[in-house]
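Asker: Residue strings, one per chain:
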Amino acid sequence: MKFIKFLWSPLVAIALIYFFNKPLGSVPPLGKFFSPFHGFLQNTTQEEDLSEEIFLKGVNEPVKVVYDSNYVPHVFAANEDDLYFTQGYLVAKDRLWQMEFYTLVSSGRLTEVVGETAFEFDRYNRRLGMARAAEEIVENQKKDEKAWRILTAYAAGVNTYISQLNYKKLPVEYKILGYEPEEWTPLKTILMLMNMRQTLNGQSDDFRLTNVLAQYGMETVNDLFPDYPSVESPIIPSGTPWNFTPEKVKVPEVTLPPLQKELLSQYITRPDPGIGSNNWAISGSKSATGLPILANDPHLGLSLPSIWYQMQLSAPGVNVYGVALPGCPGIVIGFNKDVAWGVTNVGSDVMDFYQIRFKDSSKKEYWHDNQWKPTKIYIEEFRFKNGKVMQDTLVYTHHGPVVYNEDKKDNYGKNAPAGHAMKWIAHYTAGSDLSTFLALNRAHNYDDYRKALAVYSAPAQNFVFASNGNDIAITVNGKLPLKWKDQGKFILDGTNPEHDWQGYIPYEQNPTVKNPPRGFVSSANQFSTDPTYPYYLGWRFAPAYRGRRINDRLTHLTNANADSLRSIQNDNYNLMAERILPSLIPVLEKHSTPDMLPSIKLLKEWNRQNTATSVAATIFETWAAELTRWIWDDEFPAEKNMLYPSNDRTAQLVTTEPAGRWFDNINTADTVETYDYIVLGSFKASLDSLTRHHGTMNKENWAWYKVKNTSINHLVPAFKSFSRATIKNGGGSQIVNASTSRTGPSWRMVVELDKEWPRAYGLYPGGQSGRPSSKYYDNMIDDWAEGKLNPLIFMKTKDEKISKHLKNVIINPKK
Amino acid sequence: MLYLLIIILGAVGSLVGPWWVLPLVACLICALKAKTTRQAFWVSAAAGVTLWTGYSLILAFSGKENLVDKIGALFTGDNALLAHVPSLALILTIVTLVAGLTTGFAGLAGRHLRMMFS
Chain L
311 MKFIKFLWSP LVAIALIYFF NKPLGSVPPL GKFFSPFHGF LQNTTQEEDL
361 SEEIFLKGVN EPVKVVYDSN YVPHVFAANE DDLYFTQGYL VAKDRLWQME
411 FYTLVSSGRL TEVVGETAFE FDRYNRRLGM ARAAEEIVEN QKKDEKAWRI
461 LTAYAAGVNT YISQLNYKKL PVEYKILGYE PEEWTPLKTI LMLMNMRQTL
511 NGQSDDFRLT NVLAQYGMET VNDLFPDYPS VESPIIPSGT PWNFTPEKVK
561 VPEVTLPPLQ KELLSQYITR PDPGIGSNNW AISGSKSATG LPILANDPHL
611 GLSLPSIWYQ MQLSAPGVNV YGVALPGCPG IVIGFNKDVA WGVTNVGSDV
661 MDFYQIRFKD SSKKEYWHDN QWKPTKIYIE EFRFKNGKVM QDTLVYTHHG
711 PVVYNEDKKD NYGKNAPAGH AMKWIAHYTA GSDLSTFLAL NRAHNYDDYR
761 KALAVYSAPA QNFVFASNGN DIAITVNGKL PLKWKDQGKF ILDGTNPEHD
811 WQGYIPYEQN PTVKNPPRGF VSSANQFSTD PTYPYYLGWR FAPAYRGRRI
861 NDRLTHLTNA NADSLRSIQN DNYNLMAERI LPSLIPVLEK HSTPDMLPSI
911 KLLKEWNRQN TATSVAATIF ETWAAELTRW IWDDEFPAEK NMLYPSNDRT
961 AQLVTTEPAG RWFDNINTAD TVETYDYIVL GSFKASLDSL TRHHGTMNKE
1011 NWAWYKVKNT SINHLVPAFK SFSRATIKNG GGSQIVNAST SRTGPSWRMV
1061 VELDKEWPRA YGLYPGGQSG RPSSKYYDNM IDDWAEGKLN PLIFMKTKDE
1111 KISKHLKNVI INPKK
Chain V
28 MLYLLIIILG AVGSLVGPWW VLPLVACLIC ALKAKTTRQA FWVSAAAGVT
78 LWTGYSLILA FSGKENLVDK IGALFTGDNA LLAHVPSLAL ILTIVTLVAG
128 LTTGFAGLAG RHLRMMFS
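So the sequences go chain by chain: L and V.
Using the working numbering, you'd call the opening residue of the first sequence number 311 and step up by one each time.
Using the working numbering, you'd call the opening residue of the second sequence number 28 and step up by one each time.
Just so you have them, the derived chain L footprint on chain V, three or more residues with Cβ under 8 Å:
#1 36 to 47
#2 73 to 83
#3 87 to 96
#4 111 to 123
These are calculated hints, taken from the structure and not from any lab test.
Backbone N, C-alpha and C fix where the C-beta goes; we use that ideal spot for every residue, glycine too.
Model the full assembly from the supplied sequences, consistent with the hints where possible.
Answerer: Next comes the structure, spelled out in structure tokens:
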């Protein structure tokens, strides 16, 4: 009796502790999380947690790290092992949760940390086969002694940091989501790079364009989806000679598979128009110093923590400054004493789909080259946060994985047609992208640059280059498949071996130009070359507006300095408006009603700058999108998995073909809509929509930055309080200052080359620290929005005194 | 005395051990020192709440960094009612509940265990 009387309270106490010690659905364990000794409040005590002298096992000789006042580490090591070990250690210290998160995404393992909600997303990423390709790349990297040594030194540094963690010290995201970091490996570094391959090369229009072809025939496709735009300013200037004998590309007699009667039913998302980039370099003839200046701003999805991490890495044989990807050794975009380099995405067609004929529903064999060939079948296992396990069967042909076997509504991937195998450059496992960047870090001149680029595979990039030897260059670089004209513009025939990729363009024949007469090189994701280039790279690239505007400004540039290039990075001029408004405004004026007059007046008086506070920019951008829908959505409805013609073709139609049949809405059988009707109707609809969503037209409500709503979200979008919304900046998707709602310049850099020592400027929309409570978490965002750049401190020696100094840390070997 | 002892030993234990060291300490001390069950529960709960809210307030107002508002916002989400509650109040409420309940019942358990075996 006494026993029962006194036993209930220990049981209640134990039950309470148990209850508060485990997560409740998506709520973290309350006991751990709210204990001020262990939980999130401990994360506010870690800012300066590196003391002036630390001892680490794994370091061979003392390493000096100088932090400047922007919390950028300048690492000075006595050898390369220590250098990359320290890089891994420091990046992990500031960004561990983020770098591991990326690898969970590309390996399709998010369900393990966030649960079932991520299943379709994971399943899609597994089916893309990125983790399998990454494993093969790791095996290849093991054979490259130098790269492998750097990868393992970096991993050791990350793991040294992980080994110092306990629950109290875990980054707060681990505490909220309730899991712990795993050991870091070279595979995870490669998985991180896989993310970039997917972001930059992981989209396809093949499927939707095939539907257009099935519905409207080749004549319409050739008219509306041409292989080269009506207005372009290609990356390699027209007239650049091709000094090589091109490889033969065999064109098959039949270039299309039998088209299906029914439209292919999988919806395919458009490649994100916000994912692009700008880079350029001007030669000494255009600069005040007589030496080149280089600029780069890669446009990616904007996120917190930021995708980039600034650092200086110095050891015998290398002294480089720039931005690194968290999880990857070396500097990806940056400069050293002699050279500077940057990248933009090429966007050539490197993802194709093959219609597969399976022998039966077991999918064990498929027809190719007049015989049944065996598939490879993998069972993918997904572990959920709650312990549940699910399996998925993945079928591989020699082309690549069959991304979906059947059409399912909840399939996350909108890129991949059912029953079609994917051939994708991201599965290319030879070469070493990492080695390219490591070699650029050490480059002294143009020849070093060319050598560095030779081993690069994917995602193909426009590598811009400048040196203090007064050379500038740009190379469209990566493994570019050898294709017949229009190969992969539509779905390919998976039974016909002649439809397989025939190899790759030899590196020496990739489009490149050195010191062109015009005195500058540039890229903004537009067409790599004009149609004289002997190979087919793709039928659609980013619209030419950014590239044309950049080239126009660079053409007129003289006596330039870094600030001149900074001003071009922030150029808000709307070239699309310049092109189409003169045709559209007279139509509005002809039919205007009193309520339209104020907005028409604004458009007429607009200086065509997409500034943050412009109301005209809001009206134009909203209207341009609405007009496009009004013209095309009846013939090419998105819900039927069709594709709109390009921005260029639309502008051409609007400005030169007012009698075109495409203006008629085919869904209204008894009326024929005219050009004027579509222009006016879409304009009224835009004003209505703006009024509905943002209130009546005035400077406040319709300010462009509010309507554009550039937001920088945490990688877990549900963590809204870790995000920044409605950044006050200008720009737009076809603007050089390419800020959209979720994408934008993720790093801006300008480097003035110099015989003695370069001067560089840069920043990114975020901060060095990945800790949401840190003052370095988002401290660069406001300056970024205003278009400012920070001077980048590039130290000559480890003992150099710098003005904006925060602290020094000495890392000593631990015996 | 009991109150101070739990706070001091609980704090020391929490610096080195997991979060449930605090209720464990309350349980042991109450087994040895508490005179009544009522005292065991309420003094333990008060000590636990004092320690956790006190240290939480020190960290929240240390002026180093503010994570309270961001975490508060995560927990209130889009709930309009909770959105008006100051984050610190919300967090201290949870802290009080967790610390009060666990240390209170652990203290009581200590006293009860003592009575069971005496």
